[in-house]
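In the order they appear, the protein sequences are chains A and B. The first sequence runs 1 to 728 under UniProt numbering. The second sequence runs 1 to 728 under UniProt numbering.
Worth flagging that the hints you see were computed from the coordinates, not collected in a lab. What you are looking at is a predicted structure, and each value in this text was computed from that prediction instead of being measured. Be a bit skeptical, because a hint or two may be false.
Identical chains blur together in the list; that is why a pair holds if it fits in one copy or across any two.
With a Cα cut of at most 27 Å, we get these calculated DSS-like pairs of lysine-lysine [to be verified]:
#1 K360 / K102
#2 K358 / K232
#3 K353 / K432
#4 K102 / K578
#5 K360 / K578
#6 K360 / K173
There are 2 protein chains.
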Amino acid sequence: MLLRGRPRALGAAALLLLLLLLIGFFLFGGDPDCELGSEREARRGEGGGGDPGSVPGSPTPRVPSDGRLRPRGAAAFDGVPPADPGGHNRSDCVPPPPPPPKCELLQVAIVCAGHNSSRDVVTLVKSLLFYRKNPLHLHLVTDAVARNILEMLFHTWMVPAVQISFYNADELKPQVSWIPNRHYSGLYGLMKLVLPTALPPDLARVIVLDTDVTFASDIAELWALFAHFSDKQAIGLVENQSDWYLGNLWRNHRPWPALGRGFNTGVILLRLDRLRQAGWEQMWKLTATRELLTLPATSLADQDIFNAVIKEHPWLVQPLPCIWNVQLSDHTLAERCYSEASDLKVIHWNSPKKLRVKNKHVESFRNLYLTFLEYDGNLLRRELFGCPCPPPPGAEQLQQALAQLEEQDSCFEFRQQQLTVHRVHITFLPHKPPPTQPHDVTLVAQLSMERLQMLEALCRHWPGPMSLALYLTDAEAQQFLRFVETSAVLSARQDVAYHVMYREGSLYPINQLRNVALAQALTPYVFLSDIDFLPAHSLYDYLRASIEQLELGGRRKAALVVPAFETLHYRFRFPSFKAELLTLLDAGSLYTFRHHEWPQGHAPTDYARWREAQAPYRVRWAADYEPYVVVPRDCPRYDPRFVGFGWNKVAHIIELDAQEYELLVLPEAFTIHLPHAPSLDITRFRSNPTYRDCLRALKDEFHQDLSRHYGAAALKYLTALQPPRGPT
Amino acid sequence: MLLRGRPRALGAAALLLLLLLLIGFFLFGGDPDCELGSEREARRGEGGGGDPGSVPGSPTPRVPSDGRLRPRGAAAFDGVPPADPGGHNRSDCVPPPPPPPKCELLQVAIVCAGHNSSRDVVTLVKSLLFYRKNPLHLHLVTDAVARNILEMLFHTWMVPAVQISFYNADELKPQVSWIPNRHYSGLYGLMKLVLPTALPPDLARVIVLDTDVTFASDIAELWALFAHFSDKQAIGLVENQSDWYLGNLWRNHRPWPALGRGFNTGVILLRLDRLRQAGWEQMWKLTATRELLTLPATSLADQDIFNAVIKEHPWLVQPLPCIWNVQLSDHTLAERCYSEASDLKVIHWNSPKKLRVKNKHVESFRNLYLTFLEYDGNLLRRELFGCPCPPPPGAEQLQQALAQLEEQDSCFEFRQQQLTVHRVHITFLPHKPPPTQPHDVTLVAQLSMERLQMLEALCRHWPGPMSLALYLTDAEAQQFLRFVETSAVLSARQDVAYHVMYREGSLYPINQLRNVALAQALTPYVFLSDIDFLPAHSLYDYLRASIEQLELGGRRKAALVVPAFETLHYRFRFPSFKAELLTLLDAGSLYTFRHHEWPQGHAPTDYARWREAQAPYRVRWAADYEPYVVVPRDCPRYDPRFVGFGWNKVAHIIELDAQEYELLVLPEAFTIHLPHAPSLDITRFRSNPTYRDCLRALKDEFHQDLSRHYGAAALKYLTALQPPRGPT
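Based on the provided sequences and hints, a complete structural model is requested.
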């Protein structure tokens with residue numbers, strides 16, 4: 001039967017309605033898996049804001065695990081397995097969140113305090129840089145220790161398209177120090193609460209990260225989730241993957257209030273602008289103050305307070321997919337998250353046990369973490385294609401200088417090595433310098449992996465402060481860390497500062513290393529030693545007494561010479577006193593240093609006179625002299641042009657002499673060289689004529705520079721110049 | 001004015017039409033950038049297949065550069081800049097190709113021949129494994145050298161969810177050897193042509209990779225592009241990024257025929273099933289034969305023939321986005337590809353210059369390559385979550401054995417180290433063993449980085465074959481490679497085989513290393529030495545003569561003892577003859593080995609008798625004897641339970657004695673130990689009582705095993721057992 005006239009119009013209207021429904025279905029609900037996150041969250045946000053009562057009825061926010069969005073009915077995390085999309089290939093219809101525009105600057109904030117956290121930050125940042133394709137601005141809230149370390153590190157890292165800003169955590173302390181807190185992260189754990197006020201007022205969005213997270217994906221994908229925020233939402237968080245906030249872990253377990261399982265604050269998307277507008281500061285302080293009337297302290301630091309505020313104002317929060325914060329404490333439900341996802345985005349070692357956490361897949365997570373722990377950070381100095389970013393400070397000059405080198409120059413490799421800016425991580429391990437004493441001396445030396453076994457003996461011989469520069473790869477730095485941790489002798493010492501300079505290039509940058517160790521010495525005097533020497537047990541005390549006695553602190557400009565000896569035996573009885581040493585010398589068990597190979601290096605010390613000396617005596621500089629000396633910390637730096645083997649100490653002693661340092665030999669001081677195989681650099685020096693030619697050229701240039709600086713006074717060094725053979 | 005009755009029905013119909021249009025617009029054409037790739041490609045494929053003439057008119061296939069699909073009008077690669085989508089965010093509407101199902105097995109084929117390509121394959125595979133989330137099946141078409149290397153490598157790598165199949169390239173040679181070819185890859189470069197017949201007949205799809213590509217993304221994304229193939233397309237390829245096939249590079253440059261710029265075959269998606277059905281074998285042979293009537297040879301190996309076939313049958317090819325094969329030759333147009341893409345998927349070092357190629361961004365590409373070159377391959381032993389895959393052979397037993405270890409056991413670390421399966425890359429560098437001689441001897445030793453400087457001297461002292469095991473990280477293996485390449489002495493030697501065992505664990509697996517070097521020796525006899533010894537210059541000749549003279553090849557089972565001495569000086573004149581050595585010994589410039597520290601290690605050699613000896617003499621085993629010996633290659637292996645320092649050689653000599661090897665001291669043989677600093681292991685042994693306790697426990701267990709094997713005959717070793725001190 002056909003419809004006509006009015007009925008026909010009615011039919012058309014019915015069809016129209018059907019079509020509208022169809023359109024609605026196709027556009028907004030066609031596939032049960034397809035729903036644009038931002039709209040869905042907007043709707044929930046609006047509803048939730050006005051009616052907080054509606055949320056507790058559904059305590060677990062529906063958090064998708066795979067970064068894709070699901071219908072509200074499908075549970076991901078409350079024990080119910082996720083809805084099977086029935087063979088539907090979800091990726092056919094659900095677009096991923098739009099990535100940020102190609103060169104958009106992404107903002108990241110991290111709170112970091114102390115030596116160990118500073119190392120953690122580096123690993124986090126490496127994982128971030130490995131996957132990132134956008135320029136980044138890192139906002140680092142640090143204590144003085146971390147700032148000192150990270151400032152030098154990023155300055156020398158020179159990663160393109162990374163800006164760094166520092167914020168003084170100590171200035172922020174008063175804002176949170178009134179909160180009693182039991183969490184292992186201490187006061188710094190609370191500092192994320194004050195970011196909206198601490199960060200620049202024009203900063204609208206920031207991703208906040210704990211130092212114990214590791215990225216396995218591009219942070220831009222996380223940044224893109226800001227687009228899902230409704231108009232009011234200001235905090236993006238991943239649900240907690242433990243039962244902590246359910247409050248049933250043990251009898252009388254009373255956690256802070258939270259929505260259902262609560263949220264984990266290891267990874268936060270913050271709309272700072274909205275938080276400021278919403279009066280965040282008053283908001284969290286009010287909530288915290290109120291809860292602290294009945295609760296004695298926070299257990300999980302900032303996280304307790306974030307959760308309490310969210311419980312009260314659920315419209316603030318945008319739940320994020322769980323893969324953006326896979327929490328690897330013991331007994332977490334993280335497996336439910338990652339086992340259904342094909343992909344992991346961020347893992348979070350949110351347990352004080354860290355890599356020793358119990359999880360049946362921990363080996364895999366550990367491997368991802370170790371990947372970045374041991375990753376050569378130099379490789380992250382890569383440009384972003386097509387993003388015009390200002391180069392890191394100094395990078396352009398460096399590029400120009402490198403471009404001017406000529407590959408045909410026999411010294412090409414040496415000059416390239418000299419120009420190399422090595423990443424430097426000062427005080428790599430915890431370090432507590434002793435209180436400053438007016439005559440104190442720091443032993444300064446440098447080493448690489450193959451001399452690590454010298455450290456324990458050195459610690460036994462030198463009870464005073466040390467500043468040691470280590471030339472290591474990122475992976476070796478971790479071996480070094482384990483070496484110190486498993487050594488009772490080394491881990492007992494807190495006055496030894498270890499500075500890691502990361503390896504790059506084929507020649508050992510010996511003088512750059514010495515300069516790093518020297519610059520980090522904190523006492524007024526330094527003993528410039530080498531790692532294969534063991535000083536007399538009494539040397540530390542004797543040097544301090546001598547400095548005092550000689551009144552070096554005053555007008556007197558002097559370098560105190562510590563006579564050097566050598567043994568050829570692996571094991572030998574180290575002499576306790578000068579008399580014992582002289583006996584060994586006479587017996588042929590000891591020699592004066594390089595007696596056979598390079599006597600002129602130490603001849604001016606005048607060992608014959610030293611045998612008899614009762615008081616310090618002055619010696620004169622002579623060609624090729626390279627004694628081990630004690631000097632004020634502000635002494636001239638080593639000349640970085642000397643890399644690898646040869647002339648690196650000789651040039652420094654010339655500088656001291658040119659600057660009119662008296663050379664005073666100490667009658668009771670001595671230090672003894674232990675045997676080792678020749679270094680690779682000395683082997684190259686011996687077998688490679690280019691190496692020797694180049695060293696000659698570098699010496700000439702050094703003398704030219706010397707004449708330029710010191711004028712006619714430098715002439716004596718040039719006339720004393722002998723055909724080169726080979727000091728170290 | 002309101003419409004009524006019929007007009008109203010008309011209005012409704014008009015509205016209906018409008019709505020239908022709107023629906024159509026939203027669903028099928030809303031955004032000019034939105035077109036489902038598979039549909040578009042299907043349409044093109046169908047058209048192209050029936051009408052080959054339509055393709056040459058548009059010589060450059062439209063290849064999108066960023067992995068997303070564009071309207072047909074937008075050019076990406078023919079000089080015209082890509083169409084700007086007018087601020088439209090493309091990702092809002094264009095879905096990426098559907099990823100393969102979570103645990104789908106992806107098939108990859110690689111042709112690999114020789115030592116250098118085997119190293120390249122490892123880097124490629126590391127990059128592949130780093131990003132992959134699917135199980136993989138690698139089909140390796142190899143010559144005997146590569147098979148030998150890669151079989152051992154993958155066997156010891158034990159990566160979960162990776163299957164390996166080998167195919168004998170030499171058997172495939174006749175199918176391509178008739179083609180004259182000028183490309184540097186040689187005959188193996190042509191072998192990709194025969195994959196459809198060489199690979200198993202039930203294998204339908206495979207991704208074919210050159211050894212010089214590096215992945216920067218998950219290969220599953222590449223696999224997903226199979227879904228874009230039309231019904232007939234069988235070969236997915238990226239357009240060439242050079243002008244080679246345009247034929248205007250120089251006067252009389254006559255390349256093989258190709259569609260426009262042609263395609264690059266460094267990365268290929270092959271539908272093997274369709275190729276077989278289409279008669280691929282006849283197809284390419286016909287084309288090649290015909291072209292070779294006028295062209296003298298292929299210039300670019302398989303690529304010339306692939307392109308000629310495609311020119312003739314353009315319906316075969318599905319062009320792939322350029323980011324899947326960014327070609328880094330000099331003068332390529334690769335920059336146009338990657339500079340507009342935010343992302344790179346695969347880079348291809350398709351120039352004989354490899355990493356020295358000219359490209360203004362080469363530093364960044366190099367960093368990506370170095371990332372995987374130096375990446376610790378052990379970290380890739382990670383499971384795929386939720387993909388049930390059979391574990392690699394031996395993995396389960398290993399897991400069980402490790403699970404049975406007790407952490408409280410003082411030997412826990414030792415037993416863990418013993419059980420560790422180290423990745424082994426045999427013949428890491430090119431190696432040409434000399435023709436087999438009946439009395440030839442290979443010097444067998446092991447070392448780590450800190451002994452690298454010994455190699456040149458060793459080569460000067462030992463002109464015969466050597467088999468050396470090196471204990472290195474992946475990064476150190478590259479340093480080692482550069483060290484050999486820059487040494488004239490080392491790079492001149494082709495009879496020295498270097499086997500890399502990759503580092504894992506904290507103790508030096510000395511006996512596992514020795515066993516690897518021993519197993520790879522190819523001569524009938526081996527000289528079991530240590531890296532810090534230099535043999536007499538005449539030793540190699542003398543040993544061969546002695547073996548012949550003593551008729552060791554026959555019934556006689558003997559170990560020839562090479563007496564060991566030591567010097568304490570860095571530099572010394574190495575004695576040419578026994579008489580000279582005796583003079584130095586008398587002068588106190590040389591000592592018998594470990595004369596001061598551990599005389600019992602070599603006392604049974606009877607140095608007094610050796611002074612006078614004119615002929616080989618037999619000595620008896622005694623406790624702690626650990627001489628350096630020459631034995632047949634099939635001698636007992638070293639006991640791997642001894643790791644780190646202590647008893648590793650002593651136990652081996654006991655085994656020799658238990659198996660009734662005569663111990664014959666050679667009167668003219670000698671070897672001299674050079675000084676070096678104590679190893680980390682010996683330092684730990686000395687300072688750590690647990691270390692010493694454990695060594696005692698391991699010795700007891702060794703003796704128990706000995707009694708089990710040799711019964712009462714082994715009793716003498718137990719009764720001779722002395723309280724342990726410490727041999728190496």
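These are the hints, each one checked on the structure:
no., hint, result
1, K360 / K102, "between (38 Å within a copy, 20 Å between copies)"
2, K358 / K232, "neither (39 Å within a copy, 52 Å between copies)"
3, K353 / K432, "within (24 Å within a copy, 51 Å between copies)"
4, K102 / K578, "neither (70 Å within a copy, 74 Å between copies)"
5, K360 / K578, "neither (61 Å within a copy, 62 Å between copies)"
6, K360 / K173, "neither (39 Å within a copy, 48 Å between copies)"
Checked against the numbered hints above, the structure violates hints 2, 4, 5, 6; every other hint is satisfied.
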